[in-house]
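Undergrad: So you can see what is in the structure, the chains are spelled out below.
There are 2 protein chains.
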Amino acid sequence: MIETITLSVDAMGGDNAPRAVIHGADLLLKEHNNARFIFHGRQEQIDPLLNEFPALKSASSVRHCETVIAMDEKPSQALRKGRGTSSMWMTIQAVKDGEASVAVSGGNTGALMAMATFCLRPMEGIARPGIAAIWPTLRKDIVVLDMGATIGADAQQLVDYAILGSALARCLFDDESPTVGLLNVGTEEVKGLESIKEAGRILSDASGSGFTYHGFVEGDDIGKGTVDVVVTEGFVGNIALKTAEGTARQVGSYLRTALKSNLMSRIGALFATSALNALRKRMDPRTVNGGVFMGLNGIVIKSHGGTDEVGYKSALNLAYGMARSNLVAKIDETMKRFPIKAAPVAADAESEAKPA
Amino acid sequence: MIETITLSVDAMGGDNAPRAVIHGADLLLKEHNNARFIFHGRQEQIDPLLNEFPALKSASSVRHCETVIAMDEKPSQALRKGRGTSSMWMTIQAVKDGEASVAVSGGNTGALMAMATFCLRPMEGIARPGIAAIWPTLRKDIVVLDMGATIGADAQQLVDYAILGSALARCLFDDESPTVGLLNVGTEEVKGLESIKEAGRILSDASGSGFTYHGFVEGDDIGKGTVDVVVTEGFVGNIALKTAEGTARQVGSYLRTALKSNLMSRIGALFATSALNALRKRMDPRTVNGGVFMGLNGIVIKSHGGTDEVGYKSALNLAYGMARSNLVAKIDETMKRFPIKAAPVAADAESEAKPA
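As they're listed, the protein sequences go chains A and B.
Under our numbering, the first residue of the first sequence carries the number 33, and numbering increases by one thereafter.
Under our numbering, the first residue of the second sequence carries the number 33, and numbering increases by one thereafter.
Since the hints were derived computationally from the structure, they do not count as laboratory data.
Glycine included, C-beta positions come from ideal geometry on N, C-alpha and C.
Treat the hints with care, as some may be off.
Claimed, not checked - Partial list, derived from the structure: chain A residues whose beta carbon lies under 8 Å from chain B:
#1 34
#2 59
#3 225
#4 227
#5 252
#6 254
#7 270
#8 272
#9 290
#10 296
Unchecked claim - Per the computed footprint, the stretches of chain A lying under chain B, defined by three or more beta-carbons under 8 Å from a beta-carbon of chain B, are:
#11 274-288
#12 302-316
Modelling step: build the complete structure from the supplied sequences, incorporating the hints.
TA: Shown next, in the form of structure tokens:
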């Protein structure tokens with residue numbers, strides 16, 4: 033008997049919900065027939081859609097929730113209104129209750145993070161959650177975090193992100209000791225902030241316990257794929273991610289303009305159609321959809337709200353992979369192997385945190 | 033009689049110096065025959081090169097400096113060793129002495145910034161200098177600063193960058209009221225740092241005095257060209273710039289791979305050669321070479337150290353444009369129009385840093 037993997041899904045989150053969500057789940061099921069779904073949301077909207085996908089229907093259950101969190105609702109508002117009742121909250125609650133391994137929602141990020149933190153609570157030893165992105169690079173996909181769950185991070189929080197990120201990398205890339213780099217600026221003497229230097233010292237001492245510490249990396253090392261895990265504070269991570277997205281779109285637009293610029297280039301583009309389609313697919317943001325909320329007692333995946341069924345399928349696929357590789361257990365294990373985390377954290381000296 | 037524009041040039045700065053520097057100057061002279069150059073560096077290396085470019089030779093003077101700052105020298109070391117003697121220092125000194133309008137060096141950034149700050153001193157009313165980048169976007173070139181001259185910035189420093197950046201935009205783009213945006217993250221309630229919010233309030237009140245305040249922008253607004261001037265703290269600016277460079281290289285590499293993937297795509301690439309060359313030129317980092325050090329009593333341009341004559345020509349061209357449009361006067365004018373700056377600035381060391 034094949035073990036089933038159950039995902040808890042907010043059917044109402046995102047601009048194209050619930051249709052794109054349900055359709056995306058059907059695409060995942062076609063690839064992984066041991067996937068099971070608990071959909072949360074308005075039954076009267078979900079049921080007719082499930083009737084369109086009979087295979088999915090028999091792999092799903094629906095939990096009716098009247099309340100839906102709007103995309104522009106403030107986190108505090110959403111929490112007041114939707115705690116214990118909304119499709120977003122109930123999606124997370126199912127993970128807390130052990131009914132599903134991972135929760136997925138395309139709803140608004142701030143509200144989802146607030147609810148996830150409130151419902152699941154931070155893991156012991158982790159002060160604040162982070163959002164990890166899977167970032168395609170020239171070498172392979174890598175993990176970058178934090179993407180903006182928390183603004184500002186002290187050395188200890190950066191170390192937490194390194195632990196969380198390397199646990200995620202171990203799950204995704206099947207590598208027992210992924211390399212970790214701290215994002216920094218490379219201007220000689222003034223090598224960045226004190227918190228980053230301090231985190232570098234701690235990680236350097238702990239290197240080998242579930243990850244290999246590489247050192248500082250710069251902005252262009254992300255695209256090169258210099259390390260498996262890039263750790264940074266949330267403000268910087270968010271700006272880096274969006275700047276990269278903007279640049280990719282910009283270059284794509286240059287390319288389209290160039291290939292339409294004259295008759296010869298149009299003919300050239302015709303000949304190269306299959307290659308250009310492959311390139312387009314490679315740069316399709318829908319195929320790497322999903323921010324992973326980490327550091328809580330349970331995994332929540334945030335899908336882009338504006339995506340379609342292909343994008344949802346990617347987010348659900350990410351959730352599926354994490355459930356199957358048991359991400360939470362891997363994080364736990366990494367924490368236990370990490371020397372600093374084993375001992376009570378001291379404010380001053382790293383030496384006493386080192387095992388004898 | 034045509035007015036001449038004199039640039040002070042560190043002939044020894046950068047990996048391919050002095051050849052690439054001299055050759056680059058010759059390329060600029062071919063375009064602007066009223067350009068004049070003061071080269072600083074080792075006469076025995078510069079003279080033979082100038083003999084290869086007779087037109088340039090007659091438009092140039094050479095100032096011998098024995099000391100050359102190495103690319104890996106620490107700023108403090110460089111300052112001790114090279115103050116008053118090195119080619120880098122003397123390049124800046126010529127601007128201070130009014131012999132040239134703008135200084136250009138491809139030498140190491142940290143040393144150049146230390147020397148520029150020490151020699152030229154911050155402008156009255158500006159606490160710390162910033163580095164501005166000219167950033168190509170889908171709409172047009174824009175100004176982004178700070179690129180890492182200073183790590184961390186309070187609200188007042190961000191406002192200073194807005195003033196400096198809009199003065200630069202007025203020079204470069206011939207627009208009397210460029211739009212200014214503050215780089216921020218867009219997660220609803222937690223809209224970024226207190227310093228950014230405060231800067232937003234100040235800029236909003238001052239909008240109309242030499243610039244138009246647009247509001248917050250996100251990382252992907254840079255590539256879109258949403259505003260003419262993007263203002264951010266130096267750490268974030270440096271990471272954003274390098275991440276964008278990395279992404280552009282990554283996409284370029286994907287494209288090359290795709291076009292070589294099969295016979296049809298190779299044929300297609302052949303047909304589209306001219307369009308692809310135009311694209312390559314558009315994405316050539318050498319054509320937008322030059323970080324502008326701003327907020328000092330004089331303008332210094334940092335060229336990439338690893339570039340060739342084409343790159344140096346771009347940096348020199350940027351310097352030429354700034355000298356011709358009288359950037360320093362434009363900054364001064366913007367400062368005077370800015371309401372906050374008209375009032376005495378809070379009690380710190382800015383006034384005494386000005387030479388009498």
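Undergrad: Tell me, which hint numbers fail for this structure?
TA: 1, 2, 4
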